[in-house]
Structures are given as C-alpha cells and as structure tokens.
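**Student:** Fit chain B to the given chain A structure using the hints.
There are 2 protein chains.
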Amino acid sequence: MSEIKDITKRDEDFAKWYTDVVTKAGLIDYSSVKGSMIIAPYGYAIWENMQKVLDKMFKETGHENVQMPMFIPESLLNIEKDHVNGFAPEVAWVTYGGKEKLDERLCVRPTSEVLFCDYYKKIIKSYRDLPKLYNQWCTIVRWEKTTRPFLRSREILWQEGHTMHATKEEALEETLKMLHVYEEFQKKYLAIPVLVGKKTDKEKFAGAEASYSLEAMMYDGVALQNGTSHYFGQGFARAFGIQFLNKENKLETPYQTSWGVTTRMIGSIIMVHGDDRGLVLPPNIAPVKVIIIPISNKEDVISATENLSKELKEHNISVKVDNSSKTPGFKFAEAEVKGYPVRIEIGPRDLEQGLVTIVRRDTLEKATIKKEEVVEYLSKLFEEIQDNLYTKALKRRDTMIYEANNYEEFKEIAQNKPGFIKANWCGNVLCEEKVKDDFGMKSRCLIEDEEVGETCSICGKKAKYRLYFGKQY
Amino acid sequence: MSEIKDITKRDEDFAKWYTDVVTKAGLIDYSSVKGSMIIAPYGYAIWENMQKVLDKMFKETGHENVQMPMFIPESLLNIEKDHVNGFAPEVAWVTYGGKEKLDERLCVRPTSEVLFCDYYKKIIKSYRDLPKLYNQWCTIVRWEKTTRPFLRSREILWQEGHTMHATKEEALEETLKMLHVYEEFQKKYLAIPVLVGKKTDKEKFAGAEASYSLEAMMYDGVALQNGTSHYFGQGFARAFGIQFLNKENKLETPYQTSWGVTTRMIGSIIMVHGDDRGLVLPPNIAPVKVIIIPISNKEDVISATENLSKELKEHNISVKVDNSSKTPGFKFAEAEVKGYPVRIEIGPRDLEQGLVTIVRRDTLEKATIKKEEVVEYLSKLFEEIQDNLYTKALKRRDTMIYEANNYEEFKEIAQNKPGFIKANWCGNVLCEEKVKDDFGMKSRCLIEDEEVGETCSICGKKAKYRLYFGKQY
Chain A
2 MSEIKDITKR DEDFAKWYTD VVTKAGLIDY SSVKGSMIIA PYGYAIWENM QKVLDKMFKE
62 TGHENVQMPM FIPESLLNIE KDHVNGFAPE VAWVTYGGKE KLDERLCVRP TSEVLFCDYY
122 KKIIKSYRDL PKLYNQWCTI VRWEKTTRPF LRSREILWQE GHTMHATKEE ALEETLKMLH
182 VYEEFQKKYL AIPVLVGKKT DKEKFAGAEA SYSLEAMMYD GVALQNGTSH YFGQGFARAF
242 GIQFLNKENK LETPYQTSWG VTTRMIGSII MVHGDDRGLV LPPNIAPVKV IIIPISNKED
302 VISATENLSK ELKEHNISVK VDNSSKTPGF KFAEAEVKGY PVRIEIGPRD LEQGLVTIVR
362 RDTLEKATIK KEEVVEYLSK LFEEIQDNLY TKALKRRDTM IYEANNYEEF KEIAQNKPGF
422 IKANWCGNVL CEEKVKDDFG MKSRCLIEDE EVGETCSICG KKAKYRLYFG KQY
Chain B
2 MSEIKDITKR DEDFAKWYTD VVTKAGLIDY SSVKGSMIIA PYGYAIWENM QKVLDKMFKE
62 TGHENVQMPM FIPESLLNIE KDHVNGFAPE VAWVTYGGKE KLDERLCVRP TSEVLFCDYY
122 KKIIKSYRDL PKLYNQWCTI VRWEKTTRPF LRSREILWQE GHTMHATKEE ALEETLKMLH
182 VYEEFQKKYL AIPVLVGKKT DKEKFAGAEA SYSLEAMMYD GVALQNGTSH YFGQGFARAF
242 GIQFLNKENK LETPYQTSWG VTTRMIGSII MVHGDDRGLV LPPNIAPVKV IIIPISNKED
302 VISATENLSK ELKEHNISVK VDNSSKTPGF KFAEAEVKGY PVRIEIGPRD LEQGLVTIVR
362 RDTLEKATIK KEEVVEYLSK LFEEIQDNLY TKALKRRDTM IYEANNYEEF KEIAQNKPGF
422 IKANWCGNVL CEEKVKDDFG MKSRCLIEDE EVGETCSICG KKAKYRLYFG KQY
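Quick note, the sequences are listed as chains A and B, same order. Under our numbering, the first residue of the first sequence is numbered 2, with each subsequent residue one higher. Under our numbering, the first residue of the second sequence is numbered 2, with each subsequent residue one higher.
Just chain A, with the same shape it has in the complex (with noise of 0.2 angstroms):
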C-alpha cells in the first residue's frame, strides 16, 4: 500500500509528482537504454485508443496511410538547407551495417519530409495525382540530451501527416482543417483545451512558411506544445524538382503540408487532469472506464461483482475486476492512482438492498445506486465527468492567463505568476528574445480573433499582433 500511496504532492515538487505519477500508475517503465523509456501496458493501452480515434478522424478527412522508410541517407536530408540545419543537430547516425561501414551514413528519421518528398517526386506527374493525403504511424528518433517521459525522450512514437496540393489554398485549408482535428480531438476525448493559433517566425519548424500548433496549459502554468501543422508553402518541392502537369499542360510546382501528434498527448492528460492520489482519465480516451471492486470475499459478493461486470461489457463498457487479495482500501487507492474514471464497490451491506456504490475518480464523490439502473447512471455519468474535466481545466487555464500591456506589467506577471502572459507585439524577433533572456519563456503562438493594443508589451513600439508568451516543457 505504501508503495502505491507514496506519490509527491502537487503543489510540493510538481516535477516529481509528475514521475512518480506515470511510474507508479503503469503508464511507464524506465530502460537500461538511455534516453529511452519502455510504455508499459497500461500507458501504451491510451495511446492505441487515441490511435483509434484520431486514425478514423484522418481517414474521415480523405488520408490514407503508408509505411515509410525509418533510414535518410545524409544526400537525401541535406537537400533542404533550412530543415537539415535545424534536425541534423539531433539526430541518430547509423554508419556500419554488419561488419561493413556504409558509404552514405543514414540518420535514423527525426520526420520524415525528405522522405515524402522524394517519393512525391517519383508519384506526382500530373494535376490527377493531386492532392496526395498521407499520413503514417511510427516511431522517430531526436538525440535529446535530457530527457522526461512522454514530453521529450530519444524515441519518440507519433503519426505524421504529409500532404500535396495543386493550389496554395488548398495547402493552406488542410494545414487548418488537421489543426482543428488535433483541437477537435484533445477537446473531446482529452478533456484539454488548447490555445490555438501561428507560431512566430522564430518558433516555426525547420523548413516551414507557416507553422500552427496546439498550446496546452499545465497544472504549473507551463505550457506543452500537444501538436503542429505545418504550411510549407512551395519550398521543398521546389528544392526536390516535384512539379505536375496543370489541366493547361503546363508545368506547376505543389504546395505542402505536414501535421502530427505524439505520445506526448498522454503526458498533457496527466498534467492537466491529475492530482495528488495519481492519475486521472477523462472517460472517453481511459482504456478501463470502471474498475469493480468487490469488498468481501462472500460469494454473493463475488458473484455479484461477476454479474455486474459481464453486463458492463455486453453494454461495451471497458471495465476491470480487482479480485485480488489485497484489502479494500489498497484497492482504492490502487485505482485512484491509475485514474479509472469511476470505481463501483460492492459490499454485503449494500448488496442485501440491491444497491452498489458508485465513486467518480474526477470529485471522488460517492453516490448510492440501484443495480439494475448502473448501466443507465454510467453512461450519463461518463459524459459528466469527461465535461467536468474539461471545464475545470478550462476555467482553472483561463484564471492562469494574464494580459501585459507594457513591460513592468509583463515583468510583475513573470515574475510572480505562473502561466501564460497575452501581450501585444510589434513583430520584432528582439522583443521575443528579450522575454527569453529575461524570463526564459517563449512565444507561444498569435492569437488571431483577439485585438492588438496599441503598442508592443516589449519594446512600446506600434503593436501589430497579438501574441502569447510561456514557459515550456
């Protein structure tokens, strides 16, 4: 019981809570590997449910999958110079194959863009090959020097979306369209509400002309970039010679994109939703929704619990037995720690007047309920928890965002106040690296259907964006 108990406070030391966390409720297991972590069942569990999802929610947009392959050869990934000088720095070079050096060593892929490019170049002849929509499940690899489970680690588990478009319009619709599919998605089935919007100049992806992304606020205010989508303009098919065939017979370049979303969604999930007894899942990503716990050993008991969770599956509700021999209350906390949304007790008492005991993970509040109308309770119960979490974070983000209009405001704020600071700005990438040096926070994204103050919150020049600032994972 200790064991499971014995997780930091929130509020005391954030980042060990957040370990102990994902070590102790079986999301993780750390390797001999360095860098490198092992997702245990229970972790790899969400991430094939958000699989799940988000696979359908792409193929309801028009994508297909393909398998790349995992090696570039260096010639392949130096084509493009922006984007080789920003990943050549972290990545994983193979150089022998057996016992044999290669002549061309390959970099284990950091993203795949050279990739596509180079096969785009081979499929795409003509306006009828247009658009091409891509997307592939895999692993890729970044040499981070530091590293933390689920938000940065050397292997790296995700999907990559790369598409191929007659018309810059069109490019830039889908670069949107799968940037509020991830919105979509985290708001649903996470329960997380994210800032969405451009990344500036600066923060924007090796190779891009646009870059958009998904900011999530943290429980300590610090922000996870949970996703990206990528407008690449004309500037890899350009430097790939990708060209089509228009209905007019003449030659055109295509426009491009590129969109994805990592594992690190489930370390969002758990700074977000979790507290001080573990984990909490909202109820629509959660792998077991209801985790039965029955608290005598009597056969009715027992057979009760049986009953209660054969119905439960026949209504295609996800739902464990604990039957083990522990006692109740390490059971309790046992699946307080792995967050299941709801637990249902069932004990003697109860059982004689026909009732079970229905806890929600999310309040812990418990409530009373005739047998025969649990099924009916849970699944209204569901939707409250999963709209419950995301209210709460919500609200809880929004008390977390503070304006800054000049830049004593915006030092009072990040200095005293953790969260995100919504400024104005004059487009200047100094005032940025002002706020790096002095803060160590970045700009998140601009924020498009908020007004612009008249002066910029950095330098007190005339202000043309609106513009969020933040520390990040």
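A portion of the hints provided could be inaccurate.
Which copy is meant is left open, because identical chains are indistinguishable; a pair holds if it fits in one copy or across any two.
[What the hints assert, rightly or not] Pairs of lysine-lysine residues, derived as DSS-like cross-links and limited to a Cα-Cα distance of at most 30 angstroms, are as follows:
1) K17 - K126
2) K35 - K57
3) K169 - K462
4) K248 - K321
5) K188 - K126
6) K133 - K327
7) K367 - K188
8) K60 - K412
9) K146 - K102
10) K53 - K178
11) K25 - K122
12) K10 - K123
13) K311 - K465
14) K57 - K381
Because the hints were derived from the structure by calculation, they are not lab data. For clarity, every value in this text was computed on a predicted model and none was experimentally measured.
**Tutor:** Using the frame of chain A, we list chain B on its own:
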C-alpha cells in the same frame, strides 16, 4: 491500359511476375533508400487488416501490448552468446548522436529478446508477477544484402510476442498456442494452408531451445516461412539473471517464449493466390471487398451505382466505386490487378431489368443478380471465394509434396519437381548439409503426426523423424 495489363506471365518468369504484381497492384513502391521499400496505401491497408485481426486474437489469449526501445546497446546484445552470434552480422549500428560519437554503439533492434529480458529482470520478482504476456508491434532492422518486397527487406514491420512463465510446461504450451493462433489466422483469413512443425537444431532461432514454424508453399513450389514461435527454456533468463520467488519462497528461473509474424505474409498471399491478371485477395483480409464499375455515364446508371455502394456500406461491406473517366475495359483490368474479391458491373441494359453483373475475382465467373438480392448473394459469395481459395491452394500444395524413401528418389524429385520433399531422417545435421549442398534445399520442419519410415532418406541409417525439405524465399 497497357501499363496495367503489362504483367509478366506467372509461368514464364515467376520472380518478375511477383515484382510486377506488387508494384502494379499498388502495394509497394521502391524508395531511394537502398534495401528499404515504401508500403503504399493499398499494401498498408492489408497490413492494417492483419494487425486488427491478430491483435484481437492476441488480446483474447491474454496478451498486452507494450513498446520497448528500438536501440540495443552492444553490451546488452552481447549477453546471450548464441543470440549475438546469430544477429551481430546483420544489424545496423548507430555510432553518432548529433555530432557526438557515442561511448557505446547501439544497434537498431533486429528482434527484442534482450530488451524484454532486461525489462523482465526488473519487473519479475515473485510467482505473482508471472506469467508476463507481452507483445509489441514495431519495425525491426536486419542488414540484408539482397532484398525483395515483403520477402526480405532491411526494415520489417512485424509483431513480436515475448512471454515469461513459472514452469516449463506453461511456456511450452504458450509456444504451441501462439503457433496455432498463427495457423488459424493464416487458414481463416489468408486462405493459406501451412505446414506446422518444429525446426531442426540447425535451423532454429539463435538462442532458442526449440523453434516452430509455419511453412507455406508458394505457386512455384518454393517455401515461405510465414511465422515462427520459439521456446527458450531458461537460457536467456539465466544469462540475464532473471529470478522469481516461488510459492515456497525459493528462487527459481522462469521459462521464456517469443513468437512473430511480419508483412512477409502479404508476399505469401500474392504468391499463393495471385494469377496472370494480378493479385487475388481473400475476402476476409481484403481492404476493399467489392469494386463497383458503372458501364456508362448515364444518370440512372451513376445513381444506381451510388445507391448500391451506400447499401453495401450500410451492411458493413467495404466497397469502392470507380467512376473515373477511364474506359470500362481499363477499369476491369485494374480491378483484376488489384485483386478485389468481387467486381459489380452496372450497365444500362441490365439496369432496365433490375439486374447487375457480379464477377468473382478467383474464378472470373459472372452471374447476373437482381439488385435487391445483391447483399444476400455477396455474403454467401465471400464465403465461397474464401473457401475456394483455401481449397485450391491446399490441393495444389498437396500435389507438390513428394515422398522420398532413399537418396535416389530424393535426387530424382529434387532435380525435376518443384515443391516439398517429405523424407525420413536420422537426426544428423550432416544429412541436412548434404541436401543443402546438393540441391540448395533446407529442411522445413519436423512433422510429428506422420509415420516415420525405417531408414534415413539421405544416409540410409536408422530414421527417427519425419522431415520436410524445400527451397525457400
């Protein structure tokens, strides 16, 4: 049209026929990364269907998915001696991370026994922790010199199950259980009959005590090993120092298995069922079961096409409509190359009478069916096609298995008849080596339920086993 129909005849040049089919059916594309292929949307969709079915079967047999690191430090690979000797010559080595030379080089996993052992050492302490039944879906790398799409590739998509058990009996049971899960899958879904048996010591997996395999016979009589299941005994566990406290509180070493299948199964579908017109997919694994081709552009034909497509979708039948501007002849040819199990043609004359034409891909037989009876007809037809493909493959295979009771007979068959040779064997590896030197044939597997002849078909000494030989991909 010529591009589509231009498939080499199967009996003229089987290797070229195979390459034509994989590329012209749109299953793969070549990449400029040597030794790696691109799995195109249609090929990947077949793999997704395989994954869906197998993953369900694995979960129903109690297995959980995890994700292990993709890199293996050299020292970890070196722990089990037979294993490292088997794999070290064919791995890709990462020696640099960014600009820094690594202290210890890492290989990209060729298989993950050592990674799982390293993990199991950490998490297995007591009999209560057993069995551990883990599986992972991932990409592995083997540095092959010559490669062929799906059959032999530097990067292989597969699943690998890795389990640990308290007793030898349980581990052996698991090894055979998963072997039979594969057998059932290949029979029911891929319509492929397989020989199932134990590998000889010479042919077993590096580090295993016993290896079992599924051996399918391709159209040309050559074997394709379509999956393996290994029993490791305590070899790896001892090398890694994995121990658990049994119920009597004494330390014991657990028993281990591993088992895997790969995208190679797609190659076996092609080479077992394909014909001169292209791919032939069994309905139970086909991403698109029905292609509907309107024979004219008339409004009522197009709307009948759309209505039928909608109706089939409502009955969960995967369907595609080809309403491109190509000629019907071209569309038919393309549908045949792609191996859609059923083609439905809708033309104006049929339509007047409320009929459609249904063509099955396996036999190319045509039937004219009332529109309102299509769904019912199809559900029976899919079963018929699935059964027919299996029966045909089984019959063909069985006519290509020959018995050799002495080396004269062996030689006569080996030199004249493509297929498998069933032989009696004394158990001496020299006999296997002789067959390999003389005819380029390796032993496939030991078949236990057949009677063993008196004398070894190779050396003439007393025979102990029934052993099949055959050339292999």
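**Student:** Failing hints, ascending?
**Tutor:** 2, 3, 5, 8, 13
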